[in-house]
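Novice: In order, the protein sequences belong to chains R and A. Per the numbering used here, the first sequence starts with residue 1, numbered consecutively. Per the numbering used here, the second sequence starts with residue 1, numbered consecutively.
For the record, the hints were derived by calculation from the structure and aren't laboratory data. All figures in this text were calculated on a predicted structure; none of them were measured in a lab. Hints may be right or wrong, so weigh each one.
Here are the computed lysine to aspartate or glutamate pairs in the EDC-like style, where the Cα-Cα straight-line distance is at most 20 Å [to be verified]: (1) R/142 - R/127; (2) R/422 - R/450; (3) R/142 - A/297; (4) R/422 - R/451; (5) R/271 - R/260; (6) A/131 - R/450; (7) R/142 - A/23; (8) R/271 - R/323; (9) R/271 - R/310; (10) A/22 - R/127.
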Amino acid sequence: MTESENGDSLVELHTVSKRFGATQALDSVSLDIRRGEVHAFVGENGAGKSTLGKVIAGIYSADHGDIVVDGVPIDRWNPGLAQRRGIAMIAQELALVPDLTVAENVYLGAEHSTFGMLSRGLIDRFDALDSDVGFGLDGHAKVRDLRIADQQKVEILRSLARNARVIVMDEPTSSLTAQEMSQLEELMRQLAERGCSIVYVSHFLDSVLRVADTVTVMRDGRRIETTPSESVTKQELVTSMLGREMDQAYPIRSASPTSDSAPLLSVANLKTNTGVVDMSFNVRPGEIVGMLGLVGSGRTECLRAVFGLDDVVSGTVGFDGREWTGRSPRDSIAAGLVFVSEDRHKDGLVLERSVRENIALSSLGARAASGFVSQKREKDVTLHHARALEMRPLNTELPASWFSGGNQQKALLAKALAAEPKLIILDEPTRGVDVGAKRTIYELISRLAEEGIGVLLISSEHEEVIELAHRAYLVSDGRTIDQIVPAESTVEDVLFRLFHVSSGEESAA
Amino acid sequence: MTKEAVDTSVTTVRARAKLSVKDIAIEYAVLILLGAVLIVLAILSPSFFTFANIVNILNQNASLVIIAAAGTFVIVSGNFDLSTGAIYSVAGVVSAWLAVTLGSVWIALLAAPVVGLGLGAFNGIIVTRLKVHSFLATLASSMIFTTTAVLITGGSLITVTTPGFTILGRSRIGGIFIAVFVLVLVVAIFWVVLSRSVFGRHVYAVGGNRNAAELSGIRVNRVLVYVMTLSGLAAGVAAAIGVSRISSGQPLAGAGLELSAIAAVILGGTSIYGGVGAVWRSVSGVFLIALIGNGFDLMNLNPQLKDMVTGFIILAAVGLAAAGRTRR
Chain R
1 MTESENGDSL VELHTVSKRF GATQALDSVS LDIRRGEVHA FVGENGAGKS TLGKVIAGIY
61 SADHGDIVVD GVPIDRWNPG LAQRRGIAMI AQELALVPDL TVAENVYLGA EHSTFGMLSR
121 GLIDRFDALD SDVGFGLDGH AKVRDLRIAD QQKVEILRSL ARNARVIVMD EPTSSLTAQE
181 MSQLEELMRQ LAERGCSIVY VSHFLDSVLR VADTVTVMRD GRRIETTPSE SVTKQELVTS
241 MLGREMDQAY PIRSASPTSD SAPLLSVANL KTNTGVVDMS FNVRPGEIVG MLGLVGSGRT
301 ECLRAVFGLD DVVSGTVGFD GREWTGRSPR DSIAAGLVFV SEDRHKDGLV LERSVRENIA
361 LSSLGARAAS GFVSQKREKD VTLHHARALE MRPLNTELPA SWFSGGNQQK ALLAKALAAE
421 PKLIILDEPT RGVDVGAKRT IYELISRLAE EGIGVLLISS EHEEVIELAH RAYLVSDGRT
481 IDQIVPAEST VEDVLFRLFH VSSGEESAA
Chain A
1 MTKEAVDTSV TTVRARAKLS VKDIAIEYAV LILLGAVLIV LAILSPSFFT FANIVNILNQ
61 NASLVIIAAA GTFVIVSGNF DLSTGAIYSV AGVVSAWLAV TLGSVWIALL AAPVVGLGLG
121 AFNGIIVTRL KVHSFLATLA SSMIFTTTAV LITGGSLITV TTPGFTILGR SRIGGIFIAV
181 FVLVLVVAIF WVVLSRSVFG RHVYAVGGNR NAAELSGIRV NRVLVYVMTL SGLAAGVAAA
241 IGVSRISSGQ PLAGAGLELS AIAAVILGGT SIYGGVGAVW RSVSGVFLIA LIGNGFDLMN
301 LNPQLKDMVT GFIILAAVGL AAAGRTRR
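Modelling step: build the complete structure from the supplied sequences, incorporating the hints.
Specialist: Structure follows, in structure tokens:
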């Protein structure tokens with residue numbers, strides 16, 4: 001079985017297959033991960049790229065096929081064994097213990113000890129490791145208190161602490177700002193130069209082409225091609241991923257509503273104790289308004305306060321002609337103001353329950369005047385929305401946890417739409433979502449605006465806001481600092497201005 | 001290097017938030033309450049701060065403290081053990097039966113922890129192998145254990161007259177009950193293991209995020225078996241003290257102990273959701289409840305109100321902690 005005399009291969013997969021229920025997630029995939037290469041897996045959601053990464057890291061076991069590490073076939077494989085063989089995984093849904101400190105998380109499962117007692121010097125070891133990569137994290141901080149981007153760094157440190165030779169990164173950049181993303185890319189290159197192999201599972205084709213040595217394209221559980229990244233273009237990758245030509249990434253921007261129509265939402269001098277200092281903005285019916293800012297600028301926090309999730313300290317919120325300061329989320333939803341959160345697992349979906357129940361969750365009251373839920377109507381309404389969003393599989397009785405990230409995101413959007421909103425707040429609506437699903441979501445956003453619904457859009461992919469929004473606000477340090485017309489602007493301009501303000505330096509873009 | 005300067009300004013590394021007085025008060029609520037009760041009792045009753053009274057309080061609560069200290073592991077790991085009372089009963093009954101049958105004090109008293117260990121391991125295996133939630137698993141096993149205790153005694157008491165059997169419960173060294181020494185030793189070991197050992201760290205990890213623990217290569221099931229076994233072992237040690245003190249095996253001796261222990265753990269500030277907690281908290285929780293009871297005795301208050309007052313204090317403490325925890 002080991003015809004692999006190629007001493008360069010760290011991990012080899014031979015005809016690996018994996019099935020989940022009715023879905024053939026991996027179909028006879030063979031692949032080599034060579035020493036010191038950055039090997040990217042790309043493909044649409046559900047193409048199997050993530051599953052492939054998890055098989056390598058021992059999180060899933062293959063139904064058929066062989067895994068060969070260092071030329072030796074593996075018979076038992078789990079995360080613990082994989083780690084002992086130097087293969088670590090950074091999962092898309094971060095797996096950290098919130099109540100332990102950063103340093104404790106980094107060395108979790110790999111504690112230094114004498115006779116079972118923890119050794120001292122944890123912080124010193126952590127600081128040495130941290131300064132080695134230059135993250136500047138505080139080892140004493142509780143992971144619970146970190147932003148997602150920083151939690152990701154903890155995960156990266158964790159695999160480095162185990163002297164990993166292969167690090168599988170599943171969508172590591174989906175919650176990072178552009179700046180953090182290039183920082184991570186640089187780190188990947190550094191690691192590769194030290195002889196560490198990186199498996200980079202990503203939707204960001206630009207990033208993949210910048211950083212990867214080798215690109216493997218997955219589609220429908222099969223490996224379509226593996227090529228050196230310098231010999232392939234983004235367009236070729238997209239075509240290969242979709243199995244067809246992709247016309248255009250973004251739909252045509254709908255006409256901007258007339259500027260004299262009364263605003264649907266108007267916020268003035270909003271201040272909260274969650275980091276919003278002074279924000280003023282408005283949204284008109286049928287208008288897509290973007291919020292452009294860096295992670296931690298207060299974009300999300302301000303919209304949480306508008307929706308009623310966080311307290312308003314001062315300032316006013318008006319919605320649909322009414323004073324709307326300090327309302328509850330329940331009031332907001334009833335009045336047609338809905339919020340689609342950025343963390344679909346934590347805040348968005350009840351994963352164990354069916355997609356139907358999830359979609360109906362926030363509109364349940366309206367559909368159940370008697371106090372009982374009409375199953376028939378619920379089914380019809382939810383199926384209607386699921387179909388409109390092209391959910392796959394189109395079975396709303398399956399639990400949400402069965403669906404891929406992109407389809408879970410669609411379920412979340414369907415839930416918002418089922419509440420028949422007048423204004424919809426979308427916080428990172430395409431995080432961790434593949435090209436095809438993104439396009440569906442973009443079309444949905446445009447269609448909502450055409451139907452007269454106001455849309456407030458936050459995205460760390462500034463391009464999305466620039467391409468979709470009619471108007472956008474620049475947000476920095478809890479303040480709205482300016483308003484721009486995206487059609488007349490570029491991502492570079494925006495980044496330049498945001499960094500110029502927040503750091504006082506001009507070298508950023 | 002300019003690039004790096006920009007990077008760090010963008011990265012939102014949160015410095016450790018400064019603890020306000022309010023935070024500290026919530027964090028150490030159980031100690032503050034305990035201190036307050038101590039002061040009140042010392043002022044109201046001259047007989048409170050006497051050597052005899054203090055030693056008595058320690059001695060009377062030895063069993064509960066030991067069970068609650070081990071219960072901390074269970075609750076921090078995100079589980080419950082509702083069978084400690086039943087294990088206490090079985091272990092005590094077996095111990096008494098062995099004392100009567102064999103006449104050997106040592107075998108009899110050592111049997112209790114061994115029985116506890118076995119039954120705890122049984123719980124652990126049910127929880128991990130059959131994948132039954134510990135709440136249900138131990139609820140069911142407690143019924144099985146209690147019935148076993150009843151069957152062993154035939155429904156009556158086993159009175160032990162073997163000389164020396166009361167050594168653990170009634171003998172003293174230097175005026176201090178041996179049970180108190182056992183209590184101190186067990187608590188010290190549990191404290192160090194939970195806060196300083198690799199195993200302890202893994203218990204926190206399993207309770208805090210089981211998935212993360214698994215992905216970190218921690219053998220989660222093994223940790224859970226150990227935790228449940230430890231809880232059973234502690235109930236067995238507690239039973240040895242208890243049966244020695246009353247020198248009779250009673251099939252319902254441990255009834256309700258499991259809930260008192262859980263109440264003390266939670267009162268101490270250990271999170272019922274797992275991942276957060278400490279042994280000292282549970283010990284403080286036991287003594288807070290005990291001192292309230294002691295105060296009722298010393299001041300001749302209506303003992304029937306004791307549980308009600310305890311109930312309100314638990315609600316107040318847990319409510320306060322929850323209010324303090326409201327973050328976004």
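Novice: All hints are to be evaluated individually against the structure, with a verdict given for each.
Specialist: Here is what the structure says about each hint:
1. R/142 - R/127: 15 Å, holds
2. R/422 - R/450: 12 Å, holds
3. R/142 - A/297: Roughly 44 Å separates the two Cα atoms, so the pair is violated.
4. R/422 - R/451: 10 Å, holds
5. R/271 - R/260: Violated, at roughly 27 Å.
6. A/131 - R/450: 51 Å, violated
7. R/142 - A/23: Holds - the C-alpha atoms of residue 23 of chain A and residue 142 of chain R are around 15 Å apart, at most 20 Å.
8. R/271 - R/323: 16 Å, holds
9. R/271 - R/310: The hint holds at about 11 Å.
10. A/22 - R/127: The given pair, whose Cα atoms are some 31 Å apart, is violated under the 20 Å limit.
The structure fails to meet hints 3, 5, 6 and 10 from the earlier list, while all remaining hints are met.
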